[in-house]
Amino acid sequence: MHIPDGFLDAKTALATGALSAAGLGFALREVRRELPPRRVPLLGLAAAFLFAAQMVNFPVAGGTSGHLVGGALVAALLGPAAAVVVVATVLIVQCFLFADGGVTALGANIFNMGLVATLSGYVVYSLATRLLPGLRGRVAALAFAGWCSTVLASIVCAGQLAWSGTVAWSVGFPAMAGVHALIGLGEGIVSALVYLAIARTRPDLLPEHDAPAARPGRIREFVVLGLLATLGLALFVAPFACPWPDGLDSVAARLGFEHKAMGALLPAPVADYQMPGLASAGVATAAAGVVGALVVFGLAVGFSRLVVQKPPSGAADHA
Amino acid sequence: MTAIFPSSPAHGGRLFRWPASAKMAVALALIFGTALVPAGWTAWFEVVALLLVAVMVLGKIPPGPVLRRLLALSPFVAGVALAAAWHPGGTLGWKITALRSGLCLATVILLAQTTPFGEMLAVLRRARVPALLVTTIALMQRYLFVLADETERMGRARASRTFTRSRWFAWRTAATVVGQLFVRASERAEHVYDAMCARGWR
Amino acid sequence: MIPAIAIQDLGYAYPDGTVALHGITLSVAPGECVGLLGPNGSGKSTLLRHLNGILPERLTGAGGAVAVHGEPITSANVAAVRRQLGLMFQDPDDQLFCATVREDVGFGPQQLGLSPGEAATRVQQALEEVGLVHLSHRPPHHLSNGEKRRACLAGVLACAPSILVLDEPTSGLDPRGRRELIALLRGIAATKLIATHDLELVVELCPRSIILDGGRIIADGATTELLADEALMLAHGLERPHILQHRHPHEAKG
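Chains as they are written, first to last, in the numbering used here: chain P, 1 to 319; chain F, 1001 to 1202; chain A, 2001 to 2254.
The hints are simulated quantities; they were obtained by calculation from the structure and are not laboratory data. Careful: at least some of the hints might be erroneous.
Selected chain F positions facing chain P (in silico; Cβ < 10 Å) [to be verified]:
| no. | residue |
| --- | --- |
| 1 | Ala1025 |
| 2 | Leu1036 |
| 3 | Leu1067 |
| 4 | Arg1069 |
| 5 | Leu1071 |
| 6 | Ile1096 |
| 7 | Leu1111 |
| 8 | Ala1138 |
| 9 | Leu1139 |
| 10 | Tyr1143 |
| 11 | Val1146 |
| 12 | Trp1171 |
By construction, the Cβ of each residue, glycine as well, lies at the ideal position given by its N, Cα and C atoms.
Model the full assembly from the supplied sequences, consistent with the hints where possible.
Structure below.
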């Protein structure tokens, strides 16, 4: 999801830059406040870890393979503020050292993957672990959080591309959200499996290992970072979620080249994110989103039952 | 896999000795300009392209690796294809987008080839970028090669003991490798902290 | 004469409860070169980490069992202790955490608060001492194992400590790297405590040796005596080094 240079216009680059700078600045302050000195090198090492982890192949089909992105995973392992710093660091180094992601798009990339993905991943993970207890619960929660974070980040990305006039929303949103709804499944599964592997070998490294009293309160981080993410969503997604044809679409309709947008390759049960039978396009899209998310949540819980064997009765699984 | 890593800017000719801040400032100006100037300013693109060629000549940078990096970056190629299919501006629109991306990419690659990373970090420090972020970036750059090596070694060890073609098994073992990476990274972080303290860090 | 290092009845247990050190008592005189031997898991690295205050995790104000140049290590004087006692860790990658060799060697002087000019002089001297001036601009991952070890040593020497503590300095080195490092160590004037499996190194450099096993000191005496005692060596996971195997038993004593 790294946006290259040239795909975003000046106003989008500026807006995302400002939001990311604010978010990163706040995250850095929070980390400095909360992180004990002996864990400072862990930020850099975790960034190196994330970079190396992104190189590991997960074979998909034929010769292709998928890769972990890791926003939700890092948030579950290190907390949201530290995760923001870690992912932002990875993106900065990837941009300048490996030319992966544009320099003008760095703000957008940090916003999408460093703020939206990590924060939404963390929020979903936290909420889901309250519903589902134990190690199995955390695995399911992370699987679901990984999926949510991927899909949400891709939607915001589509919004940015549409706002810049590079790819129309009516084309970008279904393409990005659709593809990432699939990719997100892989992300969720991999994040959960990695968390499980760590829980089995070194559970002391997981934040849940500390007594609840010793865990720092995260309310401030939720509120501030959440506000920033919401601002971004308001800016980049809300205008397009409106069912009225957007500016580009209406221009396209008037100039007669709307037909150039390609039709769907496969008939989809919920075509164009509209629940069949619902009148208003906006509500229909939202309903489709909710149903999709619930299905994935169910899948995540089922998946966790598959991979986490319940310990023999009597043994507490507090790993 | 080591092919994707930029070669150390050991060469670079005369350009190597210019101050890093100047090179970074020029590169940033070129990138921002190229990405944001109106599409009609074709003269700008021509000038930038010539400038980049001049840098490659002055810096004695072989064009082969640069071109290969340009072509090998699949997200970029996929992005261009996407833009090609759906760009509201039609075919001219996506060609301009591709040109912008390509020129900016080449600029970043050449910057990395002519400027040692340590000097870029020093510029960041002078620019009052928060120390915690600079330290994190520095440590990441230092240890990504170490961890990438460990990843390669674990991958080879894993492959040597894999006798099934089951994709699920491959995913589980790959996830174990990643899990191990995190454990090693955490342990190494503790050791680095001890080593920093041993030489007086507070 | 105030010992350089004085340890009195030191004990230590890991957070999970495993006891790593039992009642360690030893002292090292200024200028001595002492070898610390023992099988894996004997507690050597844990012991070394107590010498510059990394362990115990929480230093008290009163000071514990370890004293450097007569001063017990406390939370207040630990920085001063680290100026005087340089510790070289087992894995050079842990210790070389900067972007280039020169920057890394300069880390110590910089933390000590030296002026940039003075720091640069110290760095240059340290690099010359270990013979790495020509590689000073390299990033650490472009160095061989031997070069990395020498860079670590330079980083420690740049702080000009009076006591040098080394954890497995020759492990993983090829014969040439090993030779170079041993020659370097021989030339350094500081008090030295070397934890190692390299028994030949101990015979060459350390007139005195201490054997550690199961967190306890088993033996402390002249190297040639201890290492020639085959039964003792085998009982503690070591063996008589080749360099002593061809000497007549009574030649090995004294």
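Results for each hint:
no. : hint    : verdict
1   : Ala1025 : violated (13 Å)
2   : Leu1036 : holds (5 Å)
3   : Leu1067 : violated (13 Å)
4   : Arg1069 : holds (6 Å)
5   : Leu1071 : violated (12 Å)
6   : Ile1096 : holds (8 Å)
7   : Leu1111 : holds (7 Å)
8   : Ala1138 : holds (7 Å)
9   : Leu1139 : holds (2 Å)
10  : Tyr1143 : holds (4 Å)
11  : Val1146 : holds (7 Å)
12  : Trp1171 : holds (6 Å)
Of the numbered hints given earlier, the model fails hints 1, 3, 5; all others are met.
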